[in-house]
Amino acid sequence: MNKSKGWIESEISKALTKWEKDFLGRGSVSVKTDILRDMIIVSLHGILTPAEYTLCESKEGMLAVKRSRTSLVESGVDDLKEMILEITGERVKSFHTDLSTRTGERIIVFKLFNDLEKQLAK
Numbered sequence: 062m063n064k065s066k067g068w069i070e071s072e073i074s075k076a077l078t079k080w081e082k083d084f085l086g087r088g089s090v091s092v093k094t095d096i097l098r099d100m101i102i103v104s105l106h107g108i109l110t111p112a113e114y115t116l117c118e119s120k121e122g123m124l125a126v127k128r129s130r131t132s133l134v135e136s137g138v139d140d141l142k143e144m145i146l147e148i149t150g151e152r153v154k155s156f157h158t159d160l161s162t163r164t165g166e167r168i169i170v171f172k173l174f175n176d177l178e179k180q181l182a183k
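All the letters of the sequence shown, read from the start, carry residue numbers 62 to 183 under this note's numbering.
Since the hints were derived computationally from the structure, they do not count as laboratory data. Just so you know, not all the hints are guaranteed correct.
[What the hints assert, rightly or not] Within a straight-line C-alpha distance of at most 30 Å, the following computed DSS-like cross-link-like pairs (lysine-lysine) qualify:
#: 1; residue 1: K79; residue 2: K179
#: 2; residue 1: K183; residue 2: K127
#: 3; residue 1: K64; residue 2: K127
#: 4; residue 1: K127; residue 2: K82
#: 5; residue 1: K154; residue 2: K142
#: 6; residue 1: K172; residue 2: K127
#: 7; residue 1: K93; residue 2: K75
#: 8; residue 1: K120; residue 2: K154
#: 9; residue 1: K154; residue 2: K66
#: 10; residue 1: K154; residue 2: K179
#: 11; residue 1: K154; residue 2: K93
#: 12; residue 1: K127; residue 2: K93
#: 13; residue 1: K79; residue 2: K66
#: 14; residue 1: K82; residue 2: K183
#: 15; residue 1: K172; residue 2: K93
#: 16; residue 1: K64; residue 2: K142
#: 17; residue 1: K66; residue 2: K179
#: 18; residue 1: K64; residue 2: K154
#: 19; residue 1: K82; residue 2: K142
#: 20; residue 1: K66; residue 2: K82
#: 21; residue 1: K183; residue 2: K154
#: 22; residue 1: K79; residue 2: K172
#: 23; residue 1: K75; residue 2: K142
#: 24; residue 1: K127; residue 2: K179
#: 25; residue 1: K183; residue 2: K66
#: 26; residue 1: K66; residue 2: K142
#: 27; residue 1: K120; residue 2: K82
#: 28; residue 1: K79; residue 2: K127
#: 29; residue 1: K120; residue 2: K183
#: 30; residue 1: K172; residue 2: K154
#: 31; residue 1: K93; residue 2: K120
#: 32; residue 1: K66; residue 2: K172
#: 33; residue 1: K93; residue 2: K82
#: 34; residue 1: K75; residue 2: K120
#: 35; residue 1: K64; residue 2: K179
#: 36; residue 1: K64; residue 2: K183
#: 37; residue 1: K120; residue 2: K64
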């Protein structure tokens, strides 16, 4: 593989931002991707709308926002896995995500079948 770790991380951040805008209708304020062993960890900041922050002031609203945002992302997981495969050449073993309704940050973890970081260090 001739691609550097930094290049791949940058490409994943760009592709995820594009996916958010195309699939969800809006993107996050900032995206940071890190490759660690057999994981790709993506941190997205500024994903909630002002209306969602208002909803999150109550427990019921917070749970509704988390549920709806998680369902939206999960419904596009096949596209995300394909995106990772195209950029890295590695298949995704599992997908994990969570959203903080307090900070408006989402964390996505793609667990791969192989140690991508080790491959890139060769």
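Going through the hints against the structure:
As the CA atoms of K79 and K179 are separated by approximately 28 Å, the hinted pair is consistent with the 30 Å bound. A threshold of 30 Å between alpha carbons decides the hint, and for K183 with K127 the separation of about 40 Å lies outside it, so the pair is violated. Restraint check for K64 and K127: not satisfied, since their Cα atoms lie roughly 35 Å apart, outside the 30 Å limit. For the hint pairing K127 with K82, the CA-to-CA distance comes to about 19 Å; that is within 30 Å, so the pair holds.
A C-alpha spacing of about 9 Å is found between K154 and K142, which places the hinted pair at or below 30 Å, so the restraint holds. With a C-alpha separation of about 22 Å, the suggested pairing of K172 with K127 holds against the 30 Å cut-off. Proposed proximity of K93 and K75 is supported: the alpha carbons are some 9 Å apart, at most 30 Å. With a CA separation close to 33 Å, the supplied pair K120 and K154 exceeds the 30 Å bound.
Restraint check for K154 and K66: the C-alpha separation of about 20 Å stays at or below 30 Å, so the hint holds. For the suggested pair K154 and K179, the alpha carbons sit about 17 Å apart, so the restraint of at most 30 Å is met. The straight-line distance between the Cα atoms of K154 and K93 is roughly 21 Å, inside the 30 Å bound, and the hint therefore holds. Restraint check for K127 and K93: satisfied, since their Cα atoms lie roughly 21 Å apart, inside the 30 Å limit.
Among the hinted pairs, K79 with K66 is consistent with the structure: their alpha-carbon atoms are about 20 Å apart, no more than 30 Å. Taking the CA atoms of K82 and K183, the gap is about 35 Å. The hint is violated against a cut of 30 Å. Proposed proximity of K172 and K93 is supported: the alpha carbons are some 17 Å apart, at most 30 Å. Proximity of K64 to K142 is assessed by CA-CA distance (about 19 Å); at most 30 Å being required, the pair is judged to hold.
Distance restraint check for K66 and K179: the Cα-Cα separation of roughly 10 Å lies within the 30 Å cut-off, and the hinted pair is therefore satisfied. Between K64 and K154 the CA atoms are separated by roughly 21 Å; this keeps the pair inside 30 Å, and the hint holds. Under the criterion of a C-alpha separation no larger than 30 Å, the hint pairing K82 with K142 is consistent with the structure, at around 17 Å. With a C-alpha separation of about 25 Å, the suggested pair K66 and K82 falls inside the 30 Å cut-off, and the hint holds.
Restraint check: the Cα-Cα separation between K183 and K154 comes to about 22 Å, which is no more than 30 Å; the hinted pair holds. For a cut-off of 30 Å, the pair hint linking K79 to K172 stands: about 21 Å separates their Cα positions. For a cut-off of 30 Å, the pair hint linking K75 to K142 stands: about 15 Å separates their Cα positions. At most 30 Å may separate the alpha-carbon atoms for a hinted pair to count; K127 and K179 exceed this at roughly 34 Å.
Between K183 and K66, the direct Cα distance comes to roughly 11 Å. Compliance with the 30 Å bound is thereby established for this hinted pair. Restraint check for K66 and K142: satisfied, since their Cα atoms lie roughly 18 Å apart, inside the 30 Å limit. With a CA separation close to 28 Å, the supplied pair K120 and K82 stays within the 30 Å bound. Between K79 and K127 the CA atoms are separated by roughly 22 Å; this keeps the pair inside 30 Å, and the hint holds.
A distance of roughly 49 Å separates the Cα atoms of K120 and K183; the hinted pair therefore is violated under the 30 Å criterion. Using a Cα cut-off of 30 Å, the hinted pair K172 and K154 holds, with the two alpha carbons roughly 5 Å apart. Pair hint K93 plus K120 holds up; C-alpha atoms about 29 Å apart against a cutoff of 30 Å. Taken as a hint, the K66 and K172 pair is honoured in the structure, with Cα atoms around 16 Å apart against an allowance of 30 Å.
This hinted pair checks out: K93 and K82 have alpha carbons roughly 16 Å apart, not beyond 30 Å. A threshold of 30 Å between alpha carbons decides the hint, and for K75 with K120 the separation of about 33 Å lies outside it, so the pair is violated. With a C-alpha separation of about 13 Å, the suggested pair K64 and K179 falls inside the 30 Å cut-off, and the hint holds. Taking the CA atoms of K64 and K183, the gap is near 11 Å; set against the 30 Å cutoff, the hint holds.
Annotation: proposed proximity of K120 to K64 is violated, straight-line Cα distance about 45 Å (limit 30 Å).
Hint violations for this structure: numbers 2, 3, 8, 14, 24, 29, 34, 37, all remaining hints satisfied.
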